[in-house]
Structures are given as structure tokens and as C-alpha cells.
Amino acid sequence: MKKSGELQNSQQAASKKITRQKVLLGLVGVFVVLLAVLPLFASGFWMRTLTLLFLLAAMAEGWNFIGGYTGYAAFGNVAFFGIGAYGTALSMLRLHFPFFLALLVGAAAAMLFAVLVGLPVLRLKGHYFAIATVALATGVGEVADFWTDFTGGAAGLTLPFFRPIQLSNYFFYYMAFVLVLFGLGLTYFIMKRKLGYSWLAIREDEDAAKMMGINTTWSKVVAFALSALMAGLAGGIYAYWNTFVLAEEVFKIEYTLQMILATVLGGPGTVFGPFIGAFIYYILITLLVFFLPVGQLHATILGLIIILVMVFTPQGVMDFLSGRKRLTLSALLENIRTHKV
Amino acid sequence: MNQEVIFETQGITKYFGGLAAVDNVDMKIYKGEILGLIGPNGAGKTTFVNTITGMLRPTRGRVIFKGQDITGWPAYRVGRLGIARTFQIVKPFLGMTVRENVAVGAMFGHKGKNRTARQALEKADEVLEFVEMGHLRNHFADQLTLAYLKRLELAKALAMEPELLFLDEVMAGLNSREIEEAMEMIRKINASGVTLLIIEHVMKAIAGVTHRVFVLNFGTELAQGSPEEVLNDPRVIQAYLGEKFVERQRRMQQASPQQ
Amino acid sequence: MGSLELTQGVVNAILLSGTLALVAIGFSIVWGILNIINIAHGAFIMLGAYVTYWLFTLFGIDPFLSIPLSMVTLFIVGYVIQRYLINLVIRAPLLVTFLLTFALEIVIINLATFFWKGDLRSVTPAYSGAGFTIGAVQIPYVRLGAFVISLLLTGLLHVFLTYTKTGNAIRATGMDIDAARLQGVKIAQSYALTFALGSALAGAAGSLISISFPIDPTMGGAYTLRAFLICVLGGLGSIPGVMLGALLYAFIEVFSGIYAPGLKDAIALFVLVFVLIVRPTGIAGKAFYH
Amino acid sequence: MKRSFQILLAVLMIAAMVLTACGKSGGEKQAAGGGQQGGEKCVITFGAAVSLTGKYAKEGEYVKNGYNLYVEQINKHGGIKVGNKTCEVALKIYDDESNADRSAQLVEKLITEDHVQFLLGPYGSGNTYATTAIAEKYQVPMVEANGAATKIFKRGFKYSFAVLTPAPYYLRGIIDMALDADPNIKTVAIVAENGAFALEVAQGAKDYAEEKGLQVVYFDKYTKNTKDVSSLITAIKAKNPDILLGAGHLQDTLLIVKQAKDLNVSPKVFGFSVGPTAPEFRKALGKDADYIVGGAQWTPELKIQSDDVFGTPQKFAELYKAKYGEMPPYQAAESAAALIAYQKAIEAAGSLDKDKVRDALASLDFMSFYGRLKFNEQGMNVYKPMAVMQNYPDGKLYTVWPKEAATKPFIYPFKPWDQR
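Protein chains in written order, with this note's numbering: chain A, 8 to 348; chain B, 4 to 262; chain C, 3 to 292; chain D, 314 to 733.
Extracted from the complex, chain A is given alone in its bound form (with noise of 0.2 Å):
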């Protein structure tokens, strides 16, 4: 009788799930869609920003491997970012590269950064884990401020224009677009196949993980490495795009806490989260920026949004979007009920 019961609403969750599931992905598409034909009728800014979002969105998409489905919480994925982006612009410059190849170059560059560096730092946990890789990233950082005959130092490197110029800004958004598209695919890929299950089965016990017969060193390199892609594909693009690379502004922190920002707001471990979030993030920004009289607290109205989430849905909006849970009053307090002292 009580199985029973269990049984059909199980069944029923099961059912509403797939629906809303089917739903959300209705949406994101005809999202997706309207994106894809928005450079039509967009200005030079809107297509600045929105550029600007997708290699943010990317690049989210990349840290949910590592932060979000692995549970390690990397703070230092910037460093991808900039070493992708330098990668790139020193074959460009150095080895005459076209394009398309030094983006290669840059992005395998920052991919073999992170097996070489994932190897010793992935054995940490926990707070360490977080702090060894935003001191990685720093350190990294500052050699190439410093490195002036290699990196060109804080003079940093120019790069050419994206020649005919009319069509640049076109080019990059639908490059930085792509990318988007294909962190997405490269996703759902993966979490329909083992390498997915392991990294959520070393999310939630690692030892259970290690003895069930995972290899659980192989996969959080995997998953560091593939965020290490999509950070480092985004700050080749970036480095094209803005025509010149500084270390100061390619290996900034700001770029991993937006990362980690924007998929803890859209929903760590979710396909969809990190690019729902990038949107919330970037586009709030954005607005507050430019469309509403806060004059330059701008900043301050940013943390406190933060610090809302986090009190009262750290899971990110996936968690209501997905049908997970309920968008009520009682599930926002519920949290706070499951995490005060």
C-alpha cells in the first residue's frame, strides 16, 4: 500500500520533471534563436556586451566542470582565461599564425597548464584547494606582468585588427556565441556519459567514489582540463577582440568571481545554469550600470544582490527552474533553515 503511494507520485515527480525539463529546453531555444538573429537589430554596444557575456557565459560553462559537477571550488581560473589569451596572441605575433590555429595554441596551452598544475593542487580540498589555485592564478599573473622578453611585460602585446574591420564586430559575436553553444553541447555531453557520473559521484563522497572503482584523480584533472578549454578558447577570442593583451586585465580575479558568480546565480551542476546565470549577472550589471539613478553605488547594490542569493537560494535559480524545487516563500526560507548555526 505504501509502496504504492510512493510509487505513483515518484512516477508523477519523474513525469513533471521530464515535462518542465521540456519546457526549459523550449525556451533556452527559441533564447538561443533570438540571439543568434539579434546582431541584425542590435547596436555596435549591444553587441559589445553581449560578446563580452557569452565569453563570460563560456567560460562559466567551463568552471561548472571543475566547480559546479566536481565540487572543487577552483578561484583561480582566470589564469586559463589569460594564459588562452596570450597563447594565442604570441603565435599570432611570434609565429605568424593565422587566427583560428593560435586560438588552438592558446587554449591547448592552458589546457596542459592545468593537467601540469591540476595534478599536485587537485589532492587538496577544500578551503587549500580554493586558495592554491587563486595564488596559481596571481603568480601566473605576475610573471607575465614581469617577463617582459617573453610576454612583453606590462607594455603588454598588441595585435592587428580583425580585417574587413565593418565585419568584426559580427565575427566576434558569433565566435564568442559558438563557444557558448558549444560549452553547452560539450555539457550535456558529458553528464550523459561516466565521466559526468564520476565527477558528481566525486561531488558527493569521494572516498564512496574511490572505492566504487573510480579513478577519481583522472577525472578531476579531466574536468580542471575542460574548464581549462573553455576559459582558454574564451581569452583567445578575447585578446583578438580587444586587439591587444595586458596582463593586468587578462588575468584579473574579477573574471573568476564572475565565472563563479554567474553559475552559482543560474546553478552549479546544472546544463543550463551557468549560461542562465551569465545573463542574470551580466545583464543586471549592465542595467544598473547604465539604467538605474544609483550614480556610482552601482557596486554596493551588486554584493547585496549576491549576499541575497547566497542566504536564500545558494542553488541558483536552476533549482526552480528545473522544477527541483518550488519558487515559494517557504523554499527561499527553507534554506536558511537548513544552514543557521
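Take these hints with a grain of salt, some might be off.
With a cut-off of at most 20 Å between alpha-carbon atoms, the simulated EDC-like pairs for lysine to aspartate or glutamate come out as follows [said to hold, decoys possible]:
id : chain 1 : residue 1 : chain 2 : residue 2
1  : D       : LYS537    : A       : GLU261
2  : A       : LYS201    : B       : GLU129
3  : D       : LYS657    : D       : GLU639
4  : A       : LYS201    : A       : ASP214
5  : D       : LYS464    : A       : GLU341
6  : D       : LYS467    : A       : ASP156
7  : A       : LYS347    : B       : ASP145
8  : A       : LYS199    : B       : GLU36
9  : A       : LYS201    : A       : ASP212
10 : A       : LYS199    : B       : ASP128
11 : D       : LYS537    : A       : GLU255
12 : A       : LYS201    : B       : GLU164
13 : D       : LYS471    : D       : ASP672
14 : A       : LYS201    : B       : GLU125
15 : D       : LYS537    : A       : ASP156
16 : A       : LYS347    : C       : ASP180
17 : D       : LYS519    : A       : ASP156
18 : B       : LYS207    : B       : ASP29
19 : B       : LYS191    : B       : GLU232
20 : A       : LYS347    : C       : GLU7
21 : D       : LYS636    : D       : GLU385
22 : D       : LYS540    : A       : ASP214
23 : A       : LYS201    : B       : GLU36
24 : C       : LYS119    : D       : GLU593
25 : C       : LYS119    : D       : GLU639
26 : D       : LYS667    : D       : GLU385
27 : D       : LYS581    : D       : GLU614
28 : D       : LYS471    : D       : ASP603
29 : D       : LYS464    : A       : ASP214
30 : D       : LYS552    : C       : GLU7
31 : D       : LYS616    : D       : ASP678
32 : D       : LYS596    : C       : GLU7
33 : D       : LYS600    : C       : ASP64
Source of the hints: derived by calculation from the structure; they are not laboratory data. Being a predicted model, the structure only gives us computed values, none of them experimental.
Given chain A's structure and the hints, the job is docking chains B, C and D onto it.
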């Protein structure tokens, strides 16, 4: 029962700092049997299991599985080789559904290599039927009762299709009806050809299902033999009574302020 | 290398280590007992610095005398923040508290910039820059003073944690929260006190820093990172550990500063990562104080 | 209830669409100069992204003040002559938060949505880097006044111009002055912030010093936003140089002076590229600012007669002080000068056509209250010498170099810390 040794430890020893948690233990497990491992709290039972399953590196000694020396192997290789275990403190993957929890075992366990994720999920359904949790497959693990969590722990291990299965206090905290079910389950697993080593405090279960019992005390072997002879062995009884006494003392100490 | 560089460097390092220890100690108890990485620690230091600055510029109060005031101010700030904000998410995953304190930092810095402007300010009492020389080695009074006061406060903290009821309660909370509860420790209360204590120490550090270095609203970030480095180098969980870490870090910073100024931080950071990797667990000492 | 998530997403999309489609309507509020596209009466709108928050908030404010002061004055005089009619001048300023990404985003907005005719520069080389690229992309002229790194102009851009003297020239005046005061000066130590601008300043100084037969005994760079340079000072102390030159920003300059005093380092000449001439320098250091010299793009004491709206540096200073209550820092002057360059170019071109104005700028040669405005083929103003100012014990700043512009003699040598 047949006398083929499937698993063997030789002089396994594990030191933490200066003191030995497990000291020079020789244990044989015969194919197809259910071996009970008992001993008072802190006797080193769990440490012993951790040491021989690759969670910890032994300080000394050898671990042999099916004639192969697996001493110091990383846990995941041990798992893939056909040894599975459950944890005394259950380790469910809370953020995943019951079905996915079990599927992980089927993906990476003994026979996981030539399975896709989808096939693993199907395998998971089989196992869930076997442990009678099929109706819960789409629930998230954090929605389960303790009894079901314990059973999920079992299902995850079974999905690995092990030849040798270590059960670490799967019955602790269960009521007598649930214990009956669990015992039934263990017999069923054993009947399906899995060799088991079960760590238990529930003597009724030990007496009920095991073929042999191995007693650890202060990290060393105290006795081994058939359930009835071991459970009536005065040394064993003394060890347990003593343990209660020690237990009471520890409580008293805790009540007084630190340092 | 010149022997002057060497000796002066050593002196600088030792003097610096005092202030750094104070910078790190508050961060360390919060981390050790609440298991929170307080990104806003640097912002608190900044606030402390500004308290001293304003008391000095508006009322001409001597910077050293203003230390207690900035400690009290920050104590209150810290208490409120912990009691009514962080306590709400204290048991959430690390990422949450991490981002929460990060957001706090953003808000504090932005408000500071908004009200006090982004420009650099200095506290220059009559005796600033004065000092005495031993041989060719220069010892500025303010830095010596900062050093002494840091040691003093650290000592006081030790006494407080070891010999007072509240201190014991705090340590108990850090050791075993349930045991502490059994002993009737009010956890929420003791958490708030711990955080407030940490903030107060940050305030004191800020005051001292403001005497030797120019200050601005964004000054804090660098110190937060330093605090972390020091905690890791020295090992989390003990006051002597922090002081050792501070000394170690001071030497790294000063001497990499002499021989490779541009790579100052990079060197320190790579040392950190190295330490973390060679003894990943070794450093993670049990998080309580004794 | 069940719909909540759909609504949420829908709202999200609509928001995005609205912003994108009719984004052009946004962003009016921060316009400093009112009017947009002129119907009958013509208005020339200049746009700029300036740092009003973040690490360059202070400098950004000077820049903004300079721009605004000019606009106010020129409109008082009726406006800028374009052919036969005079046009009022409007200014549109955004806050770039001292962030290059934001800076680029805002300039793109100024061009594609606010449709400003001409662009003015931001503060700092980093942001100038980013924004000049945008201006070039849309072929809109940008006259900037606060990015001195020559690297910006070595990209072959056609539409970027800088009114200020390029970085490598910053410290030459001090070296000349020092040698003039005491020919026996032998050694110089140079420290630079590790930044595009500062490094060029330092390199320029190094080359020039060696050219003048001085021996550079110490040359190194320190991390950006450093909080402690005592190690550096210690190293320098060991070298005991005659001249100590610093290339960086106000922050570092203050730090170096404070800690040089702590460690009792007293060279005969104590000079910086940026800092000693800023009002905060004296404010922050009090008596310790005495005798320290700094290169200045411009000083209120310069003896210049010009027929621009300000006429003389003194008049500019007077107007500035009346409006903002303090003596004008050089950033304000050069920012105003950027607009003067535009004015003269537009008047010469007799049109608002971007390319005509651009060509007029390229061939401009005009003596403004700020100094000579003339650009080389790269768009840099290498024709204006740098002045040197000294903090006098009487608490005031005086121009001490070049001799012909000097209002007081250069006090030499620097008075050692321990003899004060």
C-alpha cells in the same frame, strides 16, 4: 564448504603515529562463505577493512586476492578487481537519484569497463529490484530513511558485481523487523555466489547468517571459529563486558571540561 | 650582496612580521573556529585604518591611542555581521560563505570609496619617519611601536582564549561543536564573538598599518591574501603557528622585494602552493586554539 | 505557481530584447552637457568614459573637471565656430570604473547609441589602449590627454591624438636641471612601477641619463599597487645615488617618500614623474614634501600668452579654483587642452565632418594656455617640453625648470631627513 581461499591477509599492520590500530592480523576468507568480523568498539575492525581495501596504506603485511598481491593498491583498482564494501557511516551520493547512485557502481565496478552509462542505468534497475527498492529509483537519496539508505549502500556495492563484499555494520540502527529483512538479503546475496565479510555488533545477525566468525580486539586476532564456539568463548565475552566498562569511563571523561 | 642590504633587510622583516602576525591572527581564528575564509578581512583592516585616520585628522588623536577605538568599532561591526548574516549560512557549502564574504568586501569597499573617495591618505604624526640607527641599520619608531603592540595584542589574545570562560567556550566550539553545546555553550553567540574578535584584531592591524603606509579603500585585498598565506605557512590552529608563518612570510616578502621587486608576490605565492602540495594534509591542523 | 520558472525565463528574455532593441534610449542621465542631436541650433557633442570610481577615481575627477571647465567657458563665449555658424558644446561622460572592459563598452555606446561626434580620452594608459582601438574601428577621432605611453600610438592608428608630452620625456627636465645645478653629479637610481606608462618613463630617463654621461647605479621595477617598497629603498640606500628618480603614480610616489624617510635615504635630488605636483602630495606628506621635485605636464606658473578661451595658465587656474576650490592639477589642464585642440581643428576644418576634423588635427599647430599643441605622424605631441616643479619649504609649489619659465630657483641639494 569448499576450501578455496579467495582473500588473504598476511601480518597486516597499521600504525597511527606510535600506536598500532591493526597489529599483525592473518585472515583467510574462503570462497562462498559468510565470515563475521566482530570485536568491541575501537578494536580496529573498520581500520582493518580500510587498510585492505586501499583506503589506507598498510604499514606492514600483504593483502592477496585470488592469488594476486594487491597490497597498497589504490582503492579504485581494488574496487575494479572485484572487491566491494559498504561504509559504517553510509556514504550515499545525496545529490543524485537512487537509480544514479546504484548506476555508478555498475559503471566503474568489477564489470563496469564494457558498459555504457545507459546500460549501467539498466543494470541499476535490476539491482534495485533485487534489493526491493525499485519503487524509489527516481527519488533523490536525501529523501530516504536510514533503513533505505543502508540498503542503498548495499545496492551500490552489489551493482559493482563483486566477488567479495565487505559489509560494515549494515544493521546498526535498524529495528528488529528491518534486521530480519537485512539478514534475508545477506543470505540472498551469498546465495547468488558472492563471498561476504560482515562487520556487526548485532549478535543475533552474526549467529544467524555467518558460517565463521573472526574476533578482533585491540587490533589483534582474539579468536576465530564457528559462531557458537566463538560467541561462547569467555575471552570474547570478557572483551565485550570490558568494552562496556571502558565505554562508561569515556562518557564520564567527556562530561568534564577539556584540557 | 651588500651586508647593509642584508642586515637592514633582516630588521625590516622582523619589524614587518609583527604587523603581519596581527593581520593574520584574526583571520586565523575565524577560519579555525568558524571554518570560514573571511574574504572581507582586508576590508575590516581598511576600516580600522580609516578610523585611525579620521580620529587623527579630525581630532588630532594620536594614532597609537586610537587603536582601542578602532578595535571596539570593528568588534561591533563584526559581531553584527556574524550574528545576523553569516550565521544564517554558516552550515552551507564553503562556496557560499566564500562568496558571501566576498560580496561583503565589495559592499564595504564601494561604500568607503563612495564616502571617502578613492584617493590615498596618510597618517603623519610628528614622529612619523623618526627613528634611531644601530650602525648603518635604521629602525623607525613607528614600525618598532607597531611590532611591540602586535606582540602585545597577540599575547592578550592567547591569555583571553586560555584563561577566560568566554575564551574557553570559543575554543570548545572550535574543537567539537556538539560537545560544546552539551556544555551549554551558546553556539550562535560564541560564533558571533569569535568573528567580532577577529574583526577587532583586523581593526587594530589596520590602525598600525595606517601609521607606516598610505591607505585607500582598496588597500585590504592584499592583506587578505597575505593573511591566508601566513595561516597556511604557519599551519592553521595555533597562535605560535601564525607568528611563525608571519615571520617566514615577512622574510620571503622583504628579500624577494630586495632582489626581485617585480616578482615579490609571485614568489610568495609559489612558495605557498609548494608548501600546500608537499604537505597537503600536514598543514590542515585541527582547527582549534591552544 | 508551476509557471513561475517559465515566467522568470520569459522576463529574462524580454529584458534582454528590450534592452537590445531600444537600448538606444538608455544612458541619458549622466550626460553633463544637456542637448543631443541639434535640429536648428547646432550642438557639438563630445563623449568620454572617465574613471569616477575605482583606483583612478581621483585622477578621473580632475579629467572630468578639466573637460567641464572648458565646456562651460566656451559656451559662455557662444561656442565653437563651424564655418559661418557657432555651435554650442555638449559633453557626455560615463564612469568606466577604472576598468578597461567597461571603458571600451562605454565608448562603443557613445559612438553607436549616443552618436557623439567626437571622443575624448579616459584616464590612464590601460583604458586609453582599449578605447583608442574602438575609436579607430569606427573611424571617430579621439583626442586624449591622459595616456602617455607611446605604445598606444605605435599601432599606426589614424584617429588617435594625445596632447600631453609622451612618457619617455617625463624625467628629462629633472636630469637637465640637476646637472645644471651641480655638474659633478655622477650616479642616478631609477625605480619604476611595473606598468606600461611608468616603464616608458623610466626607460626614457635611463637612456637620457646615460646619454648625459651619468651612471645608472640602480634600475628596477616594482609590482603595481604595491603596499611596501622598503626593500627597494634598502637596496637603493646601499647604492647611495646622487639622484633618485621614481616613475609611477601618486600612490607609489607617496609610499617611496614615506619609506625613504623611514630608512633615512637622502639623495641630492629627489624627483618623480607623477605625484609631487598633485595637491594631495602636500596634503598627505606635510613638511616631508619639502624639496621634492616632480615633472609636470603643465603648471599654473608657466608664462604663456594664448588666444584660446583661457588665455593664460594663470587665468585657467583662477577659473578652476573659483569652480572647484583648489589649484588645478595638470590632468585638468591637459584635459581642457584636448578640447582646445578640437576647437582649433574644427575651426580650421570649417566643418564637423569626422575625417576633415581628423586631418585638421593632424596638421594642427597652436600655442594654447597649456603649451604647444602639435602632433607628429603618430599622433603624439612631442613638441611640448615638460616643466619641473619643486615643493618649497613655504608649503607652495614653484616652477623651477625650464629656467625661462622658472618662478623660483631650484633649491639644491635635497635637505637630508636627519637634518630637519
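These are the hints, each one checked on the structure:
Taking the CA atoms of D:LYS537 and A:GLU261, the gap is about 16 Å. The hint holds against a cut of 20 Å. This hinted pair checks out: A:LYS201 and B:GLU129 have alpha carbons roughly 19 Å apart, not beyond 20 Å. This hinted pair does not check out: D:LYS657 and D:GLU639 have alpha carbons roughly 28 Å apart, beyond 20 Å. About 17 Å separates the Cα atoms of A:LYS201 and A:ASP214, which keeps this hinted pair within 20 Å; it holds.
For the proposed pair D:LYS464 and A:GLU341, the alpha carbon gap of about 56 Å is over 20 Å, so the pair is violated. Distance check on the hinted pair: D:LYS467 and A:ASP156 sit about 18 Å apart at the alpha-carbon level, within 20 Å; holds. Of the pairs offered as hints, the one joining A:LYS347 and B:ASP145 holds, with about 19 Å between alpha carbons and a cut-off of 20 Å not exceeded. For the hint pairing A:LYS199 with B:GLU36, the CA-to-CA distance comes to about 38 Å; that exceeds 20 Å, so the pair is violated.
Taken as a hint, the A:LYS201 and A:ASP212 pair is honoured in the structure, with Cα atoms around 16 Å apart against an allowance of 20 Å. Between A:LYS199 and B:ASP128 the CA atoms are separated by roughly 17 Å; this keeps the pair inside 20 Å, and the hint holds. With a C-alpha separation of about 9 Å, the suggested pairing of D:LYS537 with A:GLU255 holds against the 20 Å cut-off. For the given pair, A:LYS201 sits about 17 Å from B:GLU164 by alpha-carbon distance, which is consistent with the 20 Å threshold.
A hinted pair counts as satisfied when its Cα atoms are at most 20 Å apart, and D:LYS471 with D:ASP672 qualifies at roughly 9 Å. Between A:LYS201 and B:GLU125, the direct Cα distance comes to roughly 14 Å. Compliance with the 20 Å bound is thereby established for this hinted pair. A threshold of 20 Å between alpha carbons decides the hint, and for D:LYS537 with A:ASP156 the separation of about 19 Å falls inside it, so the pair holds. Between the alpha carbons of A:LYS347 and C:ASP180 the distance comes to roughly 15 Å, so the proposed pair stays at or under 20 Å and holds.
At roughly 18 Å between alpha-carbon atoms, D:LYS519 and A:ASP156 fall within 20 Å of each other, so this suggested pair holds. Straight-line distance between C-alpha atoms of B:LYS207 and B:ASP29 comes to about 26 Å, which puts the hinted pair past the 20 Å bound. At most 20 Å may separate the alpha-carbon atoms for a hinted pair to count; B:LYS191 and B:GLU232 exceed this at roughly 25 Å. Taken as a hint, the A:LYS347 and C:GLU7 pair is broken in the structure, with Cα atoms around 53 Å apart against an allowance of 20 Å.
In summary, the hint linking D:LYS636 to D:GLU385 is supported, as the alpha carbons are separated by about 10 Å, within the 20 Å threshold. Note on D:LYS540 and A:ASP214: the hinted pairing is violated, with a Cα-Cα distance of about 43 Å set against a maximum of 20 Å. For the hint pairing A:LYS201 with B:GLU36, the CA-to-CA distance comes to about 33 Å; that exceeds 20 Å, so the pair is violated. Of the supplied pair hints, the one linking C:LYS119 and D:GLU593 holds, its CA atoms being roughly 12 Å apart against a limit of 20 Å.
Taken as a hint, the C:LYS119 and D:GLU639 pair is honoured in the structure, with Cα atoms around 16 Å apart against an allowance of 20 Å. Distance hint between D:LYS667 and D:GLU385 is unfulfilled; the C-alpha atoms sit about 23 Å from each other, more than 20 Å. With a C-alpha separation of about 25 Å, the suggested pairing of D:LYS581 with D:GLU614 is violated against the 20 Å cut-off. This hinted pair does not check out: D:LYS471 and D:ASP603 have alpha carbons roughly 43 Å apart, beyond 20 Å.
As the CA atoms of D:LYS464 and A:ASP214 are separated by approximately 54 Å, the hinted pair breaks the 20 Å bound. The straight-line distance between the Cα atoms of D:LYS552 and C:GLU7 is roughly 10 Å, inside the 20 Å bound, and the hint therefore holds. Of the supplied pair hints, the one linking D:LYS616 and D:ASP678 holds, its CA atoms being roughly 18 Å apart against a limit of 20 Å. The suggested pairing of D:LYS596 with C:GLU7 is violated, with an alpha-carbon distance near 32 Å, which exceeds 20 Å.
With a CA separation close to 18 Å, the supplied pair D:LYS600 and C:ASP64 stays within the 20 Å bound.
Hints 3, 5, 8, 18, 19, 20, 22, 23, 26, 27, 28, 29, 32 from the earlier list are contradicted by this structure; the remaining hints agree with it.
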